[in-house]
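Visitor: Produce the entire structure from the sequences given, and follow the hints as far as they go.
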Amino acid sequence: MTEQTQKKYELLKDDTVNHHGRTLYRIKALITFGTVVAGELGGYIETEKNLDHSGNAWVYGNAQVYGNAQVRSFAFIYERKMIFSASNVGSENGTLTVFNGKDGLIVTRGCFTGTVDEFLSKSKEVHDDKTHHEYKLLIEVAQSRILN
1 MTEQTQKKYE LLKDDTVNHH GRTLYRIKAL ITFGTVVAGE LGGYIETEKN
51 LDHSGNAWVY GNAQVYGNAQ VRSFAFIYER KMIFSASNVG SENGTLTVFN
101 GKDGLIVTRG CFTGTVDEFL SKSKEVHDDK THHEYKLLIE VAQSRILN
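Just so we're aligned, residue 1 is where the sequence shown starts under the working numbering, counting upward by one.
Hints in this document: simulated from the structure, not taken from any laboratory. Because the structure is a prediction, the values reported are computed rather than measured. We put the beta carbon where it would ideally sit given N, CA and C, even for glycine. Hints may contain errors.
Quick list of the computed label-pair ranges, beta carbon to beta carbon [what the hints assert, rightly or not]:
#1 E92 <-> D117: 19 to 29 Å
#2 E40 <-> S121: 28 to 38 Å
#3 L12 <-> S91: 30 to 40 Å
#4 R72 <-> Q143: 17 to 27 Å
#5 E125 <-> R145: 18 to 28 Å
Simulated crosslink set (DSS-like; lysine-lysine; CA at most 27 Å straight-line) [as the list claims (entries may be wrong)]:
#6 K49 <-> K13
#7 K49 <-> K28
#8 K7 <-> K49
#9 K28 <-> K13
#10 K124 <-> K136
#11 K28 <-> K7
#12 K122 <-> K136
#13 K49 <-> K136
#14 K122 <-> K49
Guide: And the structure:
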């Protein structure tokens, strides 16, 4: 979050759940943005790194986002089964996040956000065969976990 970005939510320290030893905090909107109204309760996140303060991204209901998973831009998370992340991947050892968007799976990696097909196409253009193959395998795992 930059200094210019207004906080759009707060972590509720008195409304938590424990997920495999991780404390997740319910979020509450501080401002109105997108379809979220100030005061609206959202889902649960582990840290503010999990949900960007810019854009219209939001975690709804009882959905849980934790670890290295990041929800940003215009992404919406509705239930726990809808997100997959893997860290230390690619040429920059970053985090790959795949989630169920309105029109299908969305992939984020570094500054890239797009569909699975767009991601794999871009990966083929810019990465060596080994790195591209690893991304393809991770996408298969994500699809298996999210869609099945």
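Visitor: Compare the structure with each hint and give your call.
Guide: How the hints compare with the structure:
{"no.": "1", "hint": "E92 <-> D117: 19 to 29 Å", "verdict": "22 Å, holds"}
{"no.": "2", "hint": "E40 <-> S121: 28 to 38 Å", "verdict": "37 Å, holds"}
{"no.": "3", "hint": "L12 <-> S91: 30 to 40 Å", "verdict": "38 Å, holds"}
{"no.": "4", "hint": "R72 <-> Q143: 17 to 27 Å", "verdict": "21 Å, holds"}
{"no.": "5", "hint": "E125 <-> R145: 18 to 28 Å", "verdict": "26 Å, holds"}
{"no.": "6", "hint": "K49 <-> K13", "verdict": "16 Å, holds"}
{"no.": "7", "hint": "K49 <-> K28", "verdict": "15 Å, holds"}
{"no.": "8", "hint": "K7 <-> K49", "verdict": "12 Å, holds"}
{"no.": "9", "hint": "K28 <-> K13", "verdict": "11 Å, holds"}
{"no.": "10", "hint": "K124 <-> K136", "verdict": "10 Å, holds"}
{"no.": "11", "hint": "K28 <-> K7", "verdict": "11 Å, holds"}
{"no.": "12", "hint": "K122 <-> K136", "verdict": "12 Å, holds"}
{"no.": "13", "hint": "K49 <-> K136", "verdict": "26 Å, holds"}
{"no.": "14", "hint": "K122 <-> K49", "verdict": "26 Å, holds"}
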